[in-house]
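Visitor: Sequence:
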Amino acid sequence: MTVEISVLGDIQTRIDGRAVDLGHGRRQSVFVGLLADVNRTVPVDRLIDRVWGHVPPDGARSSLYSYVSRLRTALSAAGDDAAVGRRPGGYVLSLSRDALDTVDLYRFRRLAARARDAPTEHASLPLLEEALALWRADAFGTLDGPWVNEFRESLRLERLRAELDRNELLLRQGRQAERLGDLLSLARAHPLDERLIGQLMLALYREGRAAQALEHYDRIRGALSDGLGADPGAELRDLHLKILNTDPALDAPSPATALSAVRSSSAVEPPPVPLPSQLPAPPPLLAGRGRELAALDTAPEAEAAPVTVVSGIGGIGKTSLALRWAHDNLDRFPDGQLYVNLHGFSPSTSATQPESAIHDFLIALGVDNKAIPTSTEAKIGLYRSLLAGKRMLILLDNARDAGQVRPLIPGSPSCVVLVTSRDRLSGLVATEGARSVGLGPLTPAEARRLLAARIGEHRVAAEPEALESIITGCDRFPLALVVAAARAAGSPHLPLAELASELREAETRLDALDTGDLGTSLRGVLEASHRALPGAAARLLDLLSLLPGQNIGLTAVAALAGHGPARTRTLLRTLESAHLVQQPVPGRYELHDLVRLYGRERAEGDLPEEERREALRSLVDFYVHTTTLANSALNPHEVPSSLAGGPSDGHPLAPGMANDTEALEWFTTEWSWLPAVVRLASDLGLNRQVWRLCWDCNSYVRRRGRVEDFIELRRVGLDSTAGLTGPDALTMRAMAHRGLASALLLAGRPGEEALDHLTSSLKGFEETGDLLNQAHTLQTFVLMAILTGDEKGVEAAERSLELYRSAGQSMWVSGALNNLGWFLARFGRYERARECCLEALEAARALGYRVGEAASLDSLGYISTRSGRHTEAVEHYRQALQVHRALKDAFEEANTLSGIAEAHHALGETEAARGAWLRALDLYRTQHRTEQVRETEERLRASS
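One gets this note's numbering by counting positions in the sequence shown from 1 and adding 79 to each.
It cannot be assumed that every hint is accurate.
Claimed, not checked - Result set (DSSO-like, lysine-lysine): computed pairs, CA atoms no more than 30 Å apart in a straight line:
1. K449 x K321
2. K469 x K449
3. K842 x K871
Simulated from the structure, these hints should not be mistaken for lab results.
Work the whole structure out from these sequences, hints included.
Guide: What follows is the structure in structure tokens.
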């Protein structure tokens, strides 16, 4: 299938010699818009802009879809040689290599580039003649529109340059007469082009019209002076002086001389322009990065200019990786390598403009400075023409954004573009089909290898603990490790432990990694990244750096920032794109340690203390209210912290908790963060919030079965009450004493400490006259009496039951009855115990009190076991297990498994007993309940 496409004149397309109807002007504009970036995706918005301009009409997008569909149909006969396809984010006009060779625009560019690269004038001239012969008229015929007209103008300049190159060759041969008419016409169209006016002046002088030549000089000098306040360039002024002096050097060569010159130039070739080899030296050592190097090796090389973005935070080793790969693969790029530092995140140099980078690339490619077009579009067109068909590497280092990179991407699929940036450049990935290779910190082994190579294996081996501290203090950042290694290498007698000590302390870590040079200092590198952020994103990074923990959720970040979740997500995406924030799991965010240290410095310097405190308090309040909601959903019968903590309007971002499953999921997700929030509230002096957080976390912590965590949380809650004031301070202190006593008893520690806390609690509630809380505290006395075997505990049990009944607290009556039954069973009063527990079970089920139901069933199992009714005990325990598991109460599940194992053992069901003990043992170990682990292991040994 033969496809021919012509745009240097009216737009014409033929398939096997038959004309293809591309439709009306708008549809042809779509075709040209795709052809301009052939074999590359053109984003929908950009294509709309090319067709309709910056203010498209309503319905432009739907019209575009229709036009693309018609074009696809019109080209369908070409098969794979020419097709319009949909790509993520846009459309692409795909042309095979044979079809691309027939496009007159690209043929013109290739021929012009070959002419400029030709070794002799004899070889160059026919190539230029062939290239210019492709032009039938102005490009794109009568097609009109802002973008089309701009593109047309850039092509006119490319054509003009080729014409001037041809004129220069003909003038050297003394053939000025045949070009004089065209030169006059061109001068009228381009009156300020000094190269063109110079050629016209020389042709006129040689034809005996020196006066006219001088008139043209006066005309351009006046125009430049009036319009730009400048004089003609040195070359044109020199030509003017030579004409005035009738310099023989301007005379046309004789035909014989010209022919001799041509033959001479054919025989003696001028030295060729050296291939560009602009890569900086490779890094002396690249530790690890094998996976990333392999990813670069597999870069695609077909259908579109292969572009790969290597991204990562500053100091992570992007440039080192890119240079190492580039030097290892020089043989893939026989036509040379171009390199530019775009200074996108330079701490001391402004970002390089794409036009400036292209200008330097054109010089490196052998273009004379005077021949470089003035317009940006023309420069880009020339740059892509020169790279057409060449196998070159273009390394664009330290790019700021996609807009800085796009003009530097060649149109030829034979070139490879490698970009490094602190930003992910998602725009290039989405619209240009770029591949992304992200860099993170080194592995510990890679970090050790880097240090060993820099400071010597003997020093590394001599101080392994110090080495690990250095690696941790550097966060495994290559730049930080290199700086630390340089300090160690510069002081060979300095123990590594001393450097490790500096890196271990947060206050001195960044100072230890400061070289005094902005480009290599960690603080300077992070400063450049921070400066590049939008103001709101920079503020958020500073606030996140103040937090005492990691792994924080989106809604919590929104509470910290004072924004809604949608706005916060956008800001976090900005920080994530800059590799300053990462998501270890979806929806959870954390900072690298070094970023956090730097951000904290910035926050303390940039944000007023009151603003910092208000943001942190908002975060604490969010967790206080959300924890209260979650605790209420998890255990609706628990005394809420708000009972003592005072009324609250809640927090606007606190999520609702529909049921205990959602509450449990929230606690499980947030548990790694909640202790940090408690510390933060304590540091801020928010004692009431500390108390509330500790109180409302207790149900979850107890269910997890981590008794030491449970005790520690209760201690923190009690400590916070020392700074409380107000009418409810005594109540909160008494509740905290009781809570700590309960935790100690659950851990099996019914000693003096637990008794002291219970006594203090009861005394506090007696002072306030709080009968309900007196009853709660008496219930904890009952638990202590059960553990110590003190029969006098029955008095506390009966007194608390009386108080609950008088207060009309049915749910607490159920719990008190169950505890009384358990207590009575401990002392052999089984019938009365069973009656109490059955009454408790009935009340709990009537109330929907699942925790009470499980506790009553477990008590009935215990009573049945103690009274020899083992089959009945197994059934009670089995039902209790079902409820515990539904509640995800691992602590009580372990206890009930131990009870059912005893019942099975008593029935002679050894395997069932061992299975239950083994499951209980696993839970006890997870919960670090050492005494229960020891007892269960003994039972298992005895039963084997």
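Visitor: Each hint needs a verdict: does it hold in this structure or not?
Guide: Verification of the hints:
Our distance criterion of 30 Å between C-alpha atoms is met by K449 and K321, whose separation comes to about 20 Å. Between the alpha carbons of K469 and K449 the distance comes to roughly 24 Å, so the proposed pair stays at or under 30 Å and holds. Straight-line distance between C-alpha atoms of K842 and K871 comes to about 19 Å, which keeps the hinted pair within the 30 Å bound.
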